[in-house]
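Asker: Construct the entire structure; sequences and hints are all you get.
The listed protein sequences correspond, in order, to chains Y and U. Each residue of the first sequence is one higher than the one before, counting from 1 in this note's numbering. Each residue of the second sequence is one higher than the one before, counting from 165 in this note's numbering.
Treat the hints with caution; some may be incorrect.
[To be verified] With a cut-off of at most 25 Å between alpha-carbon atoms, the simulated DMTMM-like pairs for lysine to aspartate or glutamate come out as follows:
1. K270(U) to D244(U)
2. K300(U) to E374(U)
3. K373(U) to E148(Y)
4. K518(U) to E374(U)
5. K373(U) to E145(Y)
6. K89(Y) to E145(Y)
7. K61(Y) to E374(U)
Bear in mind the hints are in silico, worked out from the structure with no lab data behind them. Fair warning: this is a prediction, and the values are worked out from it, not measured in the lab.
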Amino acid sequence: MRNKTSIFLVIILSLTVAACGGKKGVKDGDEEGVSTTALGDGTGGMGSALGAGGDLATNNKVYFEYDSASVTDESRLLIEAHAQDLLNKPGTTAVLEGHADERGTREYNLALAERRALSVAEIMVAYGVARDRMQTISYGEERPESLEHNESAWALNRRVVILR
Amino acid sequence: MSFGSNNVNMLRRAGVLSMLAGLMFYCVNANAALEIEITQGVEAGIPIAVVPFEWNGPGVPPHFVSDIIEADLKRSGRFDTIPRGDFLSNPHDHLQVNYKDWRLIKAEALVVGRLQRAGTNQYQVEFRVFDVFKSKQLTGFRYNVPGKSLRKLAHQISDIVYEALTGERGAFDTRVAYVTLERSPTRTRYLLRVADSDGFGAVTILESKEPILSPAWSPDGERLAYVSFEQRRSMIFVQRLGDGKRDLVSSYQGVNGAPAWSPDGRTLAVVSSREGNAEIYTINLQNKQTRRLTNHIAIDTEPAFSPDGSSIVFTSDRAGRPQIYRMRMDGSGVQRLTFEGTYNARASYSPDGKRLTMVTNQGAGYRIGVFHLDSKGLFVITDTTLDESPSFAPNGAMILYATQQGGSGVLSAVSADGRVKQVLRFQKGDVREPAWSPYNRKL
Numbered sequence: 001m002r003n004k005t006s007i008f009l010v011i012i013l014s015l016t017v018a019a020c021g022g023k024k025g026v027k028d029g030d031e032e033g034v035s036t037t038a039l040g041d042g043t044g045g046m047g048s049a050l051g052a053g054g055d056l057a058t059n060n061k062v063y064f065e066y067d068s069a070s071v072t073d074e075s076r077l078l079i080e081a082h083a084q085d086l087l088n089k090p091g092t093t094a095v096l097e098g099h100a101d102e103r104g105t106r107e108y109n110l111a112l113a114e115r116r117a118l119s120v121a122e123i124m125v126a127y128g129v130a131r132d133r134m135q136t137i138s139y140g141e142e143r144p145e146s147l148e149h150n151e152s153a154w155a156l157n158r159r160v161v162i163l164r
Numbered sequence: 165m166s167f168g169s170n171n172v173n174m175l176r177r178a179g180v181l182s183m184l185a186g187l188m189f190y191c192v193n194a195n196a197a198l199e200i201e202i203t204q205g206v207e208a209g210i211p212i213a214v215v216p217f218e219w220n221g222p223g224v225p226p227h228f229v230s231d232i233i234e235a236d237l238k239r240s241g242r243f244d245t246i247p248r249g250d251f252l253s254n255p256h257d258h259l260q261v262n263y264k265d266w267r268l269i270k271a272e273a274l275v276v277g278r279l280q281r282a283g284t285n286q287y288q289v290e291f292r293v294f295d296v297f298k299s300k301q302l303t304g305f306r307y308n309v310p311g312k313s314l315r316k317l318a319h320q321i322s323d324i325v326y327e328a329l330t331g332e333r334g335a336f337d338t339r340v341a342y343v344t345l346e347r348s349p350t351r352t353r354y355l356l357r358v359a360d361s362d363g364f365g366a367v368t369i370l371e372s373k374e375p376i377l378s379p380a381w382s383p384d385g386e387r388l389a390y391v392s393f394e395q396r397r398s399m400i401f402v403q404r405l406g407d408g409k410r411d412l413v414s415s416y417q418g419v420n421g422a423p424a425w426s427p428d429g430r431t432l433a434v435v436s437s438r439e440g441n442a443e444i445y446t447i448n449l450q451n452k453q454t455r456r457l458t459n460h461i462a463i464d465t466e467p468a469f470s471p472d473g474s475s476i477v478f479t480s481d482r483a484g485r486p487q488i489y490r491m492r493m494d495g496s497g498v499q500r501l502t503f504e505g506t507y508n509a510r511a512s513y514s515p516d517g518k519r520l521t522m523v524t525n526q527g528a529g530y531r532i533g534v535f536h537l538d539s540k541g542l543f544v545i546t547d548t549t550l551d552e553s554p555s556f557a558p559n560g561a562m563i564l565y566a567t568q569q570g571g572s573g574v575l576s577a578v579s580a581d582g583r584v585k586q587v588l589r590f591q592k593g594d595v596r597e598p599a600w601s602p603y604n605r606k607l
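Answerer: Following this line, the structure appears as structure tokens:
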């Protein structure tokens, strides 16, 4: 029960963060909502979701909670930016590499990391990208971004990398 | 040992085995009846003295046979080896044994022997085991072996000593498969290796720049199934150790992982996400026919057959977190087995089918657990935090697993009751994914 409560809190918190980030986008002009406005022209009006520059080549990592393949609302903005970019560049494809942190078993993590890549692909499809333009690969815990064994390393390693 | 280590190297064990099969050995006293009663749950192991074997010859023998035997017995957790400095005498055969010397230092069992040259690169080895309390020899043998077989012979002697004193079969003359990762700024190299059960005599059977994981021994010990990313995604191969030949057995779209052998060696259970989600399938290795066993939106992975081949245990997060489930061979009758802890995964059976070993997290990190199928009790037997990949020795007495030490992966062995742990020292690199072999072919 306590676990459920804390997961719920995490969700609430991330929604709050996403909402805060969103306001910046709204300020930029369109009242219809953050995502569409910010991304339509590709000028990098991504607000806090993409960070400085809004360069998709470097802003290409979606991070996840422990043992979870749920995409946070904040990450959703990033995925949408990539989806929009794919739609703007017909004929290009994307590789979605799923990764996990080192905790737990390698085979479970292989399946978990694939599920993360599939979650990202699903969102891309929802934004209109054809499924066959994306390839998903799971590397499980085998290719960590950080080689350390601590919480901050694990947070960096639970990711999907969108390669174009 | 100086076996080569090229790509897909031949494991020369077949040659060693056939040579050993032909060697001469004489039974000094074959009456190995059980002379010492072991009470389960004893506080400590049997106090045993292993006298350094006499060496009759020039120079140093290629392997210190008695050192290997002593280390094997100590590692098993069933024995307390008495320090050699305490010995009052150093006998090498039954005529030299003075039982009083051993009672005084509270030894209950005694191993003596000698090693001598018997021709060019040929050795004669003899040993005897004594029950100190009964002032009686339990068993003893003499062998003639080439130098390169001395280490293997030492493990076989350990098996005989172990069985004479515990009544259970030893598992020292077995092998382990494992993966090492060497990472340097210029290159990354994964090696799939096979070594003796104490970590010596390692042979590389596959080298790759991409990850290798989940080696699994065929029941006859002659093949390894494993997952390799050599083609930039996970695929399952089965490789024969004798000649290095291998087959690609699963390369469907998505994940191909977690191979497990059926007890008859004809079927592999594997994980595939070809239909969109990680599910468990079986592959008939003769006709390559596959059959889907699970059908659930959750992750289903890490299958392992029961020793009687009637059921498969697996990991699933269908209840929210990974837990261990069991199903019949056709996928029916799915039943959840574990309820303790937030994370239970990668279960595999003990050889008698009564226990499972698994990775378990009860809130203090990822540790090795032993689950008793009859009582449903789950016992945590390690105290580290990133433990992985446990497998039982073929006699069920020990569990081999991987853990972290000083920021790097190491292999460790723990007695199945958790009482004795020992880190196995391997060469450089991060060591992971150990799998204990079945019994080697008998002499």
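Asker: Compare the structure with each hint and give your call.
Answerer: To see whether the hints hold, each was checked on the structure:
no.: 1; hint: K270(U) to D244(U); result: holds (11 Å)
no.: 2; hint: K300(U) to E374(U); result: violated (56 Å)
no.: 3; hint: K373(U) to E148(Y); result: holds (21 Å)
no.: 4; hint: K518(U) to E374(U); result: violated (37 Å)
no.: 5; hint: K373(U) to E145(Y); result: holds (17 Å)
no.: 6; hint: K89(Y) to E145(Y); result: violated (29 Å)
no.: 7; hint: K61(Y) to E374(U); result: holds (22 Å)
Hints 2, 4 and 6, counting from the list given before, are not met by this structure.
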